[in-house]
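Number of protein chains: 2
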Amino acid sequence: MPSALPADSVGVVKPAAFVHPDDFTLQCDRVLHGFELVYETYGTLNSDRNNAVLICHALSGDHHAAGFHSVDDAKPGWWDVCIGPGKAIDTNRFYVVSCNNLGGCSGSTGPRTINKDTGQQFGPLFPTVTVNDWVESQALLANHLKIEKFAAIVGGSLGGMQAMQWAISHPERVHAAVLIACAAKLSAQNIAFNEVARHAITSDPDFRNGYYAHENTNPDRGLGLARMVGHITYLSPDGMGRKFGREIKSGDIASATNVEFQVESYLHYQGRAFSRHFDANTYLLMTRALDYFDPARDFDDSLDRALAQAQCKFLVLSFPSDWRFSTHRSTEIVDALVRARKNVASAIIQSDHGHDSFLLPIDRYTEAFGIWMNQVADEVGACTSAQIPDAR
Amino acid sequence: MPSALPADSVGVVKPAAFVHPDDFTLQCDRVLHGFELVYETYGTLNSDRNNAVLICHALSGDHHAAGFHSVDDAKPGWWDVCIGPGKAIDTNRFYVVSCNNLGGCSGSTGPRTINKDTGQQFGPLFPTVTVNDWVESQALLANHLKIEKFAAIVGGSLGGMQAMQWAISHPERVHAAVLIACAAKLSAQNIAFNEVARHAITSDPDFRNGYYAHENTNPDRGLGLARMVGHITYLSPDGMGRKFGREIKSGDIASATNVEFQVESYLHYQGRAFSRHFDANTYLLMTRALDYFDPARDFDDSLDRALAQAQCKFLVLSFPSDWRFSTHRSTEIVDALVRARKNVASAIIQSDHGHDSFLLPIDRYTEAFGIWMNQVADEVGACTSAQIPDAR
Numbered sequence: 004m005p006s007a008l009p010a011d012s013v014g015v016v017k018p019a020a021f022v023h024p025d026d027f028t029l030q031c032d033r034v035l036h037g038f039e040l041v042y043e044t045y046g047t048l049n050s051d052r053n054n055a056v057l058i059c060h061a062l063s064g065d066h067h068a069a070g071f072h073s074v075d076d077a078k079p080g081w082w083d084v085c086i087g088p089g090k091a092i093d094t095n096r097f098y099v100v101s102c103n104n105l106g107g108c109s110g111s112t113g114p115r116t117i118n119k120d121t122g123q124q125f126g127p128l129f130p131t132v133t134v135n136d137w138v139e140s141q142a143l144l145a146n147h148l149k150i151e152k153f154a155a156i157v158g159g160s161l162g163g164m165q166a167m168q169w170a171i172s173h174p175e176r177v178h179a180a181v182l183i184a185c186a187a188k189l190s191a192q193n194i195a196f197n198e199v200a201r202h203a204i205t206s207d208p209d210f211r212n213g214y215y216a217h218e219n220t221n222p223d224r225g226l227g228l229a230r231m232v233g234h235i236t237y238l239s240p241d242g243m244g245r246k247f248g249r250e251i252k253s254g255d256i257a258s259a260t261n262v263e264f265q266v267e268s269y270l271h272y273q274g275r276a277f278s279r280h281f282d283a284n285t286y287l288l289m290t291r292a293l294d295y296f297d298p299a300r301d302f303d304d305s306l307d308r309a310l311a312q313a314q315c316k317f318l319v320l321s322f323p324s325d326w327r328f329s330t331h332r333s334t335e336i337v338d339a340l341v342r343a344r345k346n347v348a349s350a351i352i353q354s355d356h357g358h359d360s361f362l363l364p365i366d367r368y369t370e371a372f373g374i375w376m377n378q379v380a381d382e383v384g385a386c387t388s389a390q391i392p393d394a395r
Numbered sequence: 004m005p006s007a008l009p010a011d012s013v014g015v016v017k018p019a020a021f022v023h024p025d026d027f028t029l030q031c032d033r034v035l036h037g038f039e040l041v042y043e044t045y046g047t048l049n050s051d052r053n054n055a056v057l058i059c060h061a062l063s064g065d066h067h068a069a070g071f072h073s074v075d076d077a078k079p080g081w082w083d084v085c086i087g088p089g090k091a092i093d094t095n096r097f098y099v100v101s102c103n104n105l106g107g108c109s110g111s112t113g114p115r116t117i118n119k120d121t122g123q124q125f126g127p128l129f130p131t132v133t134v135n136d137w138v139e140s141q142a143l144l145a146n147h148l149k150i151e152k153f154a155a156i157v158g159g160s161l162g163g164m165q166a167m168q169w170a171i172s173h174p175e176r177v178h179a180a181v182l183i184a185c186a187a188k189l190s191a192q193n194i195a196f197n198e199v200a201r202h203a204i205t206s207d208p209d210f211r212n213g214y215y216a217h218e219n220t221n222p223d224r225g226l227g228l229a230r231m232v233g234h235i236t237y238l239s240p241d242g243m244g245r246k247f248g249r250e251i252k253s254g255d256i257a258s259a260t261n262v263e264f265q266v267e268s269y270l271h272y273q274g275r276a277f278s279r280h281f282d283a284n285t286y287l288l289m290t291r292a293l294d295y296f297d298p299a300r301d302f303d304d305s306l307d308r309a310l311a312q313a314q315c316k317f318l319v320l321s322f323p324s325d326w327r328f329s330t331h332r333s334t335e336i337v338d339a340l341v342r343a344r345k346n347v348a349s350a351i352i353q354s355d356h357g358h359d360s361f362l363l364p365i366d367r368y369t370e371a372f373g374i375w376m377n378q379v380a381d382e383v384g385a386c387t388s389a390q391i392p393d394a395r
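If you read the sequences in order, they're chains F and S.
Its first residue numbered 4, the first sequence is counted upward by one per residue in our numbering.
Its first residue numbered 4, the second sequence is counted upward by one per residue in our numbering.
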């Protein structure tokens, strides 16, 4: 590892690509004539091939969960606080796999991919994908990597939903599932916020019914607005209060002239940064997948019966300041798991960072998470590095 | 009163106009060369002229608070549940005055008014107005009506802020103030939601830097989006859940095809309806007034000292499901009033309707409110009708 990088980093990593050459039928019954998933791996797959951990990303995440893309890289992957040597997901013990979801915009097949049938980007013609579709495409990636069973499948927010679906759809392939800051289905308010975000995008004249790339434009305004709304829901009111309060960036409030509050400036920055790199059609597709997720639907609306399919153990983590997916929503999952007589541990972690908490270095969170994961490593006999057992 | 209208209605009402012919200097130091306020009155001003109640409206409200504009009118004024004979604000005892705020779009001088200097609508050139400016313009209306002192000044949300400012700015003119579902200043999250709404409007290409009326267009999309965001914050998550749940309006969720949830359809309806009648420049101006409101600022950031100016008694009402202005924000006001040794009563009213609760017929709310207001009527000796004292 280059000396410039932190000692507990997985170091410089390089994405790989998995190409599935065959037809893949989606839940919506449409067929992709092959697809590609871009992914990264950290740590070493042991000879029993049983120490793999699958990371499932959330709405705007990607495959780059940990490490750096070069020694000069200013920012590590999005979950670097949880993945690395000695971290909660300990790469001294686990082989971590992280892929960009189908329909994403970071390299996997999605709206930005050239449709071989037309020679043009799929754009709005990219089919609807669901959490089920992600699980099935990830299962093909696992086959490709010759991973029969994951030691753990782990995710926060929309990623937690994927982990839950994995446990239900492929019980024999999951030893443990970690569901962080998620819910068994979206509430009306969750759907409402998603729809506001979608409407911001689709009502932007530059959206061009989704053919913005074909017409050399981009719905920057709509995508920026969508992100601004989303961002408010990722933070807690108290956290925002402590971070920004009513601090003024410019203007004169006494004479009510041209006032810009810090929080406004921050949101605009977030919106602009997001709209520069994220794909609008992917945003629509990801929020739709969130809205549609409801594993109980296939089991007469019984979450207990849905989760009864699972054979794995579960860890359910939530944060009281998270109002997008409140602790109450996690408790629903825990209660259903208990009723389904599953092995479940859960913790509610104090933090004033709202939904974003799952991405942040909160000691009690990373410690509880790490202790539990270390036990998973013990259970599957994961031991790929000389540092063990005193790595933690 | 026409027989078709409910017996407890103030009946058919007609707006009046107050014309202030002189220059009026705003907090921003700009001068309006005269202005007009449209207003309605309900009940009878007694000979002592001491039974007047001023109603202050919220963001999207207007002067039409009670009664009907014709016998065929399908909908009464926006606070008809609280204003009328025998209601919380009992028009058998009180003379109620309700005006459209300066800068509004329902008849008072505002962005839609023709600027005599240019012969065109003010549009975006209408000056910034503040809660202070509203109070001062309402005070001129009170002078015009020869009301030296109001029996009560009453408002919910932004209206409550006006009532608070009245008590601070003109202590000698207020006998009682009722502050419902409001806050002493906006939080960072409140400002953030307002800014998203404003950005939705100003980034709509049809906004034309505010000159949409001059160019015969209207930022319908932006205004609709602003209303959609706002609307989510007016409702509680539980209330939305009970009203809409995950009910589907159209499409097939099993195959993830063209699904529209009821809550999406509802929000779109609200957005469209709003954008048809409300003025975008007024929306910007009203949300700015909300953001800027902070009466403590003039008193070294001490709300206690600001409220110490008041001489009136206070009623502070809030609703636990209101997350836009939570009960905690009302408790801040109550605590400051107690520290300032003011006469304050407060109640927290159970309701799952969120911020909208203050507009709704919730028994415990209208009863507590009514009992307190009836006492106010007793105190000022309000008795204008034969029905009293057994009207309630």
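In short, the hints are calculated from the structure, not lab data.
Take these hints with a grain of salt, some might be off.
One copy or any two copies: either way a pair holds, since identical chains are not told apart in the list.
Derived pair list, reagent style SDA-like, types lysine to any residue, alpha-carbon separation capped at 25 Å [as the list claims (entries may be wrong)]:
| # | residue 1 | residue 2 |
| --- | --- | --- |
| 1 | LYS119 | VAL22 |
| 2 | LYS149 | ASP120 |
| 3 | LYS188 | SER324 |
| 4 | LYS246 | THR330 |
| 5 | LYS188 | ASN261 |
| 6 | LYS149 | THR121 |
| 7 | LYS188 | TYR269 |
| 8 | LYS246 | TRP326 |
For LYS246 and TRP326, with the copy left unspecified, which applies at a CA distance of at most 25 Å: within, between, both, or neither?
both (17 Å within a copy, 19 Å between copies)
Can you tell me if LYS188 and SER324 fall within 25 Å by alpha carbon in one copy, between copies, both or neither?
both (19 Å within a copy, 22 Å between copies)
Please work out whether the CA atoms of LYS188 and ASN261 approach to 25 Å or closer within one copy, between two copies, in both situations, or in neither?
So LYS188 and ASN261 pass the 25 Å test across copies only (18 Å; inside, 42 Å).
Is it within, between, both or neither when you check LYS149 against THR121 at 25 Å Cα-Cα?
neither (34 Å within a copy, 76 Å between copies)
Go through the copies and call it for LYS188 and TYR269: within, between, both or neither, with a Cα cutoff of 25 Å.
between (30 Å within a copy, 20 Å between copies)
Is it within a copy, between copies, both, or neither that the alpha carbon of LYS246 lies no farther than 25 Å from that of THR330?
Both, since 23 Å and 22 Å are each at most 25 Å.
As a check of your reading, is LYS119 near VAL22 (CA-CA no more than 25 Å) within one copy, between copies, both or neither?
Within. Shortest intra-copy distance 15 Å satisfies the 25 Å Cα cut-off; inter-copy 69 Å does not.
Please sort LYS149 with ASP120 into within, between, both or neither, judging by C-alpha distance up to 25 Å.
Result: close neither inside a copy nor across copies, 31 Å intra and 78 Å inter.
Of the hints listed earlier, those the structure fails to meet are numbers 2, 6, in rising order.
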